[in-house]
Amino acid sequence: MAMAWPALAGAGEVAVVMSEDTAVYRAVAETIQSQLEGAAAVDIVDIPALRNPKRKDLRFLVAIGSQAARAAAASSIEAPLLVTLLPRSAFDRLAAERRRAADPRPLSALYLDQPIGRQLDLIRLTMPNARRIGVLLGPESDNLLIPLQKAAQEKQMHLVAQRVGRDSEIAPALQKLLPEIDALLALPDPSVFNASTIQLILLATYRQQLPLFGFSAAYVRAGAIASLHATPEQIGNQAGDMLRTGLARSQLPPSRYSGQYTLATNPHVAHSLGIPLEGEPALMQRLQQLEVR
Amino acid sequence: MSLALFSAPSVAQPSGEASERDFLDELPVVLSASRLVQPLADAPGAVTIIDRDMIKASGAREIVDLFRLVPGFQVGMAYGSTPVVAYHGLADEYSRHMQVLVDGRSVYSPYFLGSITWNNLRLSLDDIERIEVLRGSNSAAYGANAFMGVINIITRHPSQSQGTYLSATQGSQGISDQVLRYGGSQGDLHYRITAGRRSDNGFANFHDSRQAGYVAFRGDMRLTARDELQLQFGANRNSAGAGFAGSSGDPERTLNEKGYFAQAVWRRSFGPDEEFMLNAYHMEDEGSENYMVRGSINNPFPFPPTLLSAVVDADRRTKRTHLELQHIFRLNPAARVVWGFEQRHESVASRLMFDTPEPQTTNLSRLFGNLEWRLAPQWLLNAGAMLEKHSFAGTDLAPRLMLNFQPSPEHTIRAGMSTAYRNPSLAEERARVRYYITAIPPAPFPPLQLVQTSYNASGGLQPERIRTGELSYLGEFRNLGLTVDARAFHENVSRIIDKTGSPADFLNRHRAMVRGLEYQLRWKPTHDTLVLLNHARTRITSDDERIAESSPQRATTLFLSQALPGGWQLSMTHHWIGQMRWLGWSNPLPWHRRLDLRLAYPFRSGPFKGEAAIVTQNLTAPYSEFRTDYIFERRNFATLSLEF
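Same order as they appear, the protein sequences are chains A and B. Position 140 of the first sequence, counting from 1, maps to 145 under our numbering, and the rest follow consecutively. Position 245 of the second sequence, counting from 1, maps to 320 under our numbering, and the rest follow consecutively.
Excised from the complex, chain A in its bound form (with noise of 0.2 Å):
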């Protein structure tokens, strides 16, 4: 294992740590790898090279994935933390153990999702006259209900929640939203949106002629209109831009959202539910103008 991987005890001044060892993660720590070309030294880890904390010079250190995130946190490792690649509510959640826990070292995150914000301007431009956006929220989604209602009115929109506990709740729960909403937003919560809830969901809400706004280009080919999100080398960009940030201030920068992001439409769906639907290019476009403005 230490001939494949270089233990922490390598030169680097910078160490990314992957989740796992898949095409994904790869692409991410390579996009870091080459951004900080010149500017330092970067070794690519997986978790079980944690467990050599013995660096005293390590400047920073990256985490890819939530269980790298994790394993970075619980780890003896003194170098400020970035993680990426994962959900906010995620990052959220390592965030409050360490306040819990007292503990000073710096964390900072380039957060996966893309922001509320954003994903309701997306729905705006392909309806103009979306008013009601409809929510499911779970157990991992249920305390974004008020920066989701406060985003919603910055937008002259009007959110609508159900609440869900367990799959069997959703089919009812769908029936009583769906008549009340213009739009379903899909939200990364996977005990409501998952590959075997997923068939329910759009179904349900195909039937009643509306569009379901996905966050992935998994749900764009699974029947969702459109959806926002940002490729591995999207993020893999945007990390190396903060360690850059990070090597110059000897400082990481706050946490954030992906400034770059890619959206993907299905415009068989969109014609099917009777929305005209612009190209990629120029819709993406739209959107991009709306953020700068």
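To be clear, the hints were calculated from the coordinates, so they are not data collected in a lab. Take the hints with a grain of salt, since some may be wrong.
[Said to hold, decoys possible] Here are the simulated PhoX-like pairs of lysine-lysine, each with C-alpha atoms no more than 20 Å apart in a straight line:
id, chain 1, residue 1, chain 2, residue 2
1, A, Lys-181, B, Lys-131
2, B, Lys-684, B, Lys-131
3, B, Lys-684, A, Lys-181
4, B, Lys-599, B, Lys-131
5, B, Lys-394, B, Lys-333
Starting from the known structure of chain A, fit chain B onto it as the hints suggest.
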């Protein structure tokens, strides 16, 4: 402590917590190419959609009642409580000019003249997701039998009907229906099983009471993110009264039927614009109807009459096996192609019909394709054709061309033409009905055997042909909640098969020209109100005067559904149907009105959801349904349903 933590093989992701997996993992393709409903503006022809809300609000007790709400349709109840459905007339008690599919499975029965056996559908109204009625012939996509139109019944995905559902209906004329359904899931399998019973006494003074019992199973299993397997099974057992009290030639008797089907559909989806589908099904139905007919011949005085008797063995067994492969793909951003082929084998065994116990068989091979080509943003061309090889009707090509022009999102104008065929049924081609009569003359003459031939088909029939030209308009005014759907048609039907002579033979005898205009206004100003106004004007000219009278010249339907304060739901349907006659064993029916009312109260209590509803069919004066002596009197029934 940290060491202890990391001695575990990995830090397990607590289930229920969001992680990057939610963003990165694959999801199944749910809204696949075949599941995406074509917008009405793109449809190659006029389509009426009957959705669940409509099914409920209509107060329909059986599926055929729903077609009373489709412009241009006629619905009746014929001999032995056999429902008949026709579009633009030309129909007798065996409605055989329309294709009916349930989840892609043809329920057209090859027995006798061919017909839709509506009483044997093994289907509960509550399991229907929606019905698409394609008004106008569409053999290019659905093959022969899609002669005047297509009725596509799509059942609910089992994930949409989880839990237990109970419903009981009780009413006048012996109406008593029950449905029990359970929907569950097991990993990636969603299933539901429905069992039901339906019974009523039919028309007063006729021996036509009916009972139907059925079970139906549908299971949908996700195999991979791309592959889905759907399995369906169903079985039924029906009985219905036939014959007439006091008749010795058509004595009162009971027809017992039973049957089953099994179907498997496998879909592989490559996204919303490419899909493979393999559909295979097998069905068998049998009827037992064994009875004795009696008669007599008078002899010169003083001899007593000669007594005649014959055993009629009307038992029958029909089978169909069907295999179909369909591929949907996008040729380029502007063009989509659906193509595929089908192979079908049918057999009918009926000693009465063919004078032999040997099953008679038909083989059918079909190759079909349709190109949906957006010529320009406002212009859409649908060009399709089906090549059909039938074992005795020969090979035919049924083409269809439809051009849709959508100058603005509200307005669509369609113009098109098509040719379609109806293949002769096995009975029309090969019927040989012989009665083996035992005659008992007065003593001292010995009993003797006579053979009377009542049908002797000479065969060699050509398929019936329809050439259609149509112009239709679709107006969708979303901000008003208004949809206007109008169709002007010119249907030239030739080689109509009819029986003639004694013994009867089937010949390509008649022609008919069906012309007219029909429209539907659908207005949903708020969530609480729905108004439908249908009107159809149809004029048939034919060398046969019965055919010319087989559709009402005018028919109007007004449907209203309104949510009332306190959660009550009220709906009302009023029909005005002009004078018409069904062909076959029927006579001219005068014009009539019919008013149906439904009042429902949905309720919810804890985990229970339910609805109590009362329906009155034909609140106005009694009218005649199929023959002047089949009097449809007022029917009342109440339904209580519970879901948990």
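Please flag the earlier hints that this structure goes against, numbers listed from lowest up. none
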